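Starting from two chains that each stand alone, build the complex the way the hints lay out.
So the sequences go chain by chain: H and Y.
Our numbering puts the first residue of the first sequence at 2, with every later residue one more than the last.
Our numbering puts the first residue of the second sequence at 95, with every later residue one more than the last.
It is worth saying that the hints were derived from the structure and are not from the lab.
Some hints could be false.
[Stated by the list, open to error] Below, computed lysine to any residue pairings styled on SDA-like, alpha-carbon distance capped at 25 Å:
id, chain 1, residue 1, chain 2, residue 2
1, H, 151, H, 139
2, H, 151, Y, 102
3, H, 151, Y, 101
On a predicted model such as this, the values are computed, not experimentally measured, just so you know.
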Amino acid sequence: MLVTRYSAVAHRTAALLGAGDEAEDVVQDAFVKAFRFLSGFRRDAAFRPWLLRIVANETHNLTRSRGRRADLVLKIGVEPETRTPDDPEGVAIAGDRRTRLLDAVRALPERERQAVVCRYFLQLSEAETAEVLGWPLGSVKSRTFRGLAKLRKEVGHELS
Amino acid sequence: MNSPDDLESELRALGDALSTPDPRPSDVAHAVRARLEGPGTEPLTDGGRRRRHRWRWAGAGVAVIVAVLAGLTPQGQAAVGHILRFAGIEVHVDEQPGPLPSGVPSPLPGERRVTLDEARRTVRFPFSVPTVLGDPQDVRVSDGGRVVSLFWPGLRLDAYNGVLSPVWRKDLGGPFPEQVMIGGSEGWWISSPHQVTYLPYDGGEHTMPRRAEPTLIWQKGLVGYRLEGPANVAQARRIAESVR
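Pulled out of the complex, with its shape left as it was, chain Y reads as follows (with noise of 0.2 Å):
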């Protein structure tokens, strides 16, 4: 009586049976709309998951806003961009990208050679390594203490201190990073090779754009982590969620 059919056939039916929620549509649409028009002045229905939610991210420091600028192309056409501000890293997603830079990249701002050590100690903000990667093959830290890079074969991990002003930005053609899910917090994983550039402390000159591998971006705290080199978003997730 129950072959493998059956079973899946009733879980079809039973899950056809079950009744979820389901708005009218319209009022979803109305709602949606409201509230990207009007961000925090929306009317709410639930003042508890909206606060809650307000509160998490307003205590994690986390700002996400993708800006959109309509510009002109030499053709005339309308080109579209998007800006997605996440973790310090500020990410510029064009579809018509200019050619990635080659050469040999420059160092960052005051980079030096330093052991693990003298890196915790002169870094002002708590960074962790990986626990499945071991300890780092090179240790540089840059800036006065604000990015600490950790460099295994094919991979680098920069950690840095503030999430809240752009540290790096990043320009890619697409696709748009994928969202995904380090533990319990939000990241970004940007698929293909991009240009990345480094935005000093001081505002000052900016170090040469250069090209990034594959980069999982994400932070833990007040700290922005960016993982390069990752052969895929299944191991950058594995190395990330070993940062404790």
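If we strip away everything but chain H, and leave its shape as in the complex, we get (with noise of 0.2 Å):
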């Protein structure tokens, strides 16, 4: 069933442009809207973009309705494996720059900052994320482009 196969994906582009905790309810009312919508067309390779734009959609109703702007509540799970055990400071570090990451990325204006997400939180290509978006896709690459820029200015090159 659909709802299998692209749960895990819809629960996170909902709680990464900015649902948060209200990302199930989202992803709920994005997959009964898409079968209603969809029931009997045979459009499966189509599918997941068009879902994900549903999701977005809602997300982007959802934020609106709290009047404010998506706030990215996120928790960094993982600890980054890239320094040894027996070097503490490293991890210390290499945790921190994340979270300066994290905080340049949810410190970029809207767009931008959408741009990223589906781009490297994400992973969609170009033209999965103008789709997902709803945007052309010269803009999909101009607001990335803008986003990295300011990213690599706010994170900059003192570490790593």
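Below, the structure is given as structure tokens:
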């Protein structure tokens, strides 16, 4: 069933675009909408971006109804494994850098942040990102580029 | 140290390290199935959101229903059709549509040419003109003030009263209308030419179906809008979002 196949990516998309602890509701709404509109249609190949588009819209509606910018309430769940266990200081530095990078992503203007989230956190292609966010391909490219430039400036060169 | 690729792969790794909710897919499937099978009676995990959701839909007077009709083609194969009801428009999607009508379209019932000011006084609902288009070249009011139609070269905007009962029927072969956001509300973009039929208020004789160009449909409050003729969805949204 399509739910089983796309549940994980749908929850990830909702959470990373700002649905926070209401991600599960958003995803259920999206699936219900998708099935009401889709039943009988044989469009399996195009289903993923189409579903994620609905998830993105529902998330947008949710954050809009809260009357504030979509906050990214995210936790870094997995510790980086780039340092050896006998180098606790290195672990701390790498962890600190990740936290700062995440903070910098949070602080990006909304559209640049959405582009970065889709392209890197969700690892969607440029074309998929364009479809999910409903933007022209050129906007995906330019907003990603501007977002990366700001992140580079923000977390800079002083570490790693 | 920090080449562009470094930052990009760092972001990917950071994304992988972020924990997001991941309920068991079988639980999600179960919840979705329950909601699809029992609209309105489903057990709710979070009453707040559901309530707000229902309120929003009831308040907006939106009815989005898709019915699946099974029929038989002459060849005896099962054909599946879909009906989408939204903003006073009933969209019939059929995978094997008939040919589009040709010829000169008939006017709407009681259609007459008016000025914009006359239209505002005549129709029974508040409507707005897209600011990006400026004043229309032609304005028509039809069916006792139920519909006002504004014309610019290559573009037609119909605003109509009532989004709960169907005002228009559209028949198309696909692709399925695309959901788009107009400001904060939902709209649907029909990207290819299709057949449109006006359904008169008194339920009388339908006007003849005519060929319609790509159309965006949406609603503001209890007023429905259909914008026909934009070159693409981006232009359609730009115009629609300037209706204030």
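These are the hints, each one checked on the structure:
no.	hint	result
1	151/H x 139/H	holds, 18 Å
2	151/H x 102/Y	holds, 13 Å
3	151/H x 101/Y	holds, 11 Å
Going down the numbered hints, you'll see the structure goes against none, and every one checks out.
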